[in-house]
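Peer 1: Sequence:
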Amino acid sequence: MKISTKGRYAITAMIELAMRHKQGPVTLADISVEQSISVSYLEQLFAQLRKHGLVTGLRGPGGGYCLRRPASEVSIADILRAVDDSVAATASKPLMPEDEARPVSLRLWDRLSHQIYDYLDNVSLAEVATTKDAPRITTVPKSPFSNLHRSAA
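Each residue of the sequence shown is one higher than the last, beginning at 257 in my numbering.
Please keep in mind that the hints were generated in silico from the structure rather than gathered at the bench.
Owing to the predicted nature of the structure, the values given are computational and were not obtained by experimental measurement.
Possibly wrong hints are sitting among the right ones.
[Stated by the list, open to error] Simulated restraints, written as ranges between beta carbons of each label pair:
no. : residue 1 : residue 2 : range
1   : Arg-363   : Gly-319   : 42 to 50 Å
2   : Thr-261   : Asp-374   : 21 to 29 Å
3   : Gly-313   : Val-289   : 17 to 25 Å
4   : His-370   : Ala-285   : 35 to 43 Å
All C-beta atoms in this analysis are idealised placements derived from N, C-alpha and C, irrespective of residue type, glycine included.
Work the whole structure out from these sequences, hints included.
Peer 2: In structure tokens, the structure reads:
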């Protein structure tokens, strides 16, 4: 299971909502500033999150977005299912006996994907949002290999 950029950003934005839930509705502009995600990208994500019943939007002055359910009732997998069709398809596909005909390495990755998904299905948004090190995306992480340079031969 690969978590896409869309999935990572949706999780991060939902964590921001969960952390600010006592402050009332949160604007996409506020999330954008805090998490360095463009407002237009957030609009796309929140359309999908709203469609799947994870957030609700309030219009007008003082408007913004709120969690539709308590953060303790929203799993990280719920967020991924809402914004990433490939995750939803992978997660809902049961491992079948006919899969035994597939190469061993592919079956291994399938089982691993299911294990990761099952784990994320049991991690609530509240658990993640209340940890001291709740994620803040302020810059794109550097690759651990970015400092390696090829030497001239």
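Peer 1: Indicate, hint by hint, whether the structure satisfies it.
Peer 2: Okay, the hints, checked on the actual structure:
Evaluation of the 42 to 50 Å hint for Arg-363 and Gly-319 yields a pass: the beta carbon distance comes to about 49 Å. The beta-carbon spacing between Thr-261 and Asp-374, approximately 23 Å, falls within the hinted interval of 21 to 29 Å. At about 18 Å, the CB distance of Gly-313 to Val-289 agrees with the hint of 17 to 25 Å. Between His-370 and Ala-285 the beta carbons are some 38 Å apart, a value that agrees with the proposed interval 35 to 43 Å.
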